[in-house]
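Student: Sequence:
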Amino acid sequence: MFRAAIFLAIALSPAAAWAAAAPKKCFSLPEIKAEQEVRQGIFLREAAGRCNDRLLPGAKDRWQKIEAANGTKFRSSVDKRHKAWEREFPDDWKYKINYADGRLVTYARNIPVTEGFCDNIDEILQTIEKRGFAAFSKLSKTVRNQVIDDYKVCQ
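Residue numbers -19 to -1, 1 to 136, in mature numbering (1 follows the signal peptide of the UniProt record, and there is no 0), belong to the letters of the sequence shown in order.
It cannot be assumed that every hint is accurate.
In silico DSBU-like cross-links for lysine-lysine, where the CA-CA straight-line distance does not exceed 35 angstroms [to be verified]:
1. Lys119 / Lys77
2. Lys119 / Lys64
3. Lys14 / Lys46
Hints were generated in silico from the structure; no laboratory data involved.
Input sequences plus hints: build the corresponding full structure.
Tutor: Right under this line is the structure:
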């Protein structure tokens, strides 16, 4: 009885290392797609906020409406991304994902806010507003090379 209780306690322990998926040393294509979508979302959130203040009033609200309308799909991408990072970097995935996101936010916040930049953001927002999440997902492929440079794709 005592052995069974110990075995059960170990089996149900969240720290049970044997229960975690082993790192693959790569991200699958769906994980890469999720990473692209999350990165594109972070970038658009930052860009819309910066343009909102100067050259594109209402951009921040427009982005928030897009997020709200597609919350389930965004959540799915974020969850898929977290699972991949947790698998690949089991010891410090939260630190590494925060570092990667911070790097992207820093980059986005240092792009000069110009009329051309904000016009491009406006065009992207219009496309997503008209065509929905599928258009957003397609546009997120523009960050493909950045993601592929950071992570190996499983073959």
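Student: Are the hints correct? Go through all of them and say.
Tutor: Do the hints match the structure? See the list:
1. Lys119 / Lys77: holds (26 angstroms)
2. Lys119 / Lys64: Satisfied, since the Cα-Cα distance of roughly 22 angstroms is no more than 35 angstroms.
3. Lys14 / Lys46: Status holds; Cα separation ~22 angstroms.
Comparing the model with each numbered hint stated earlier shows that all of them hold.
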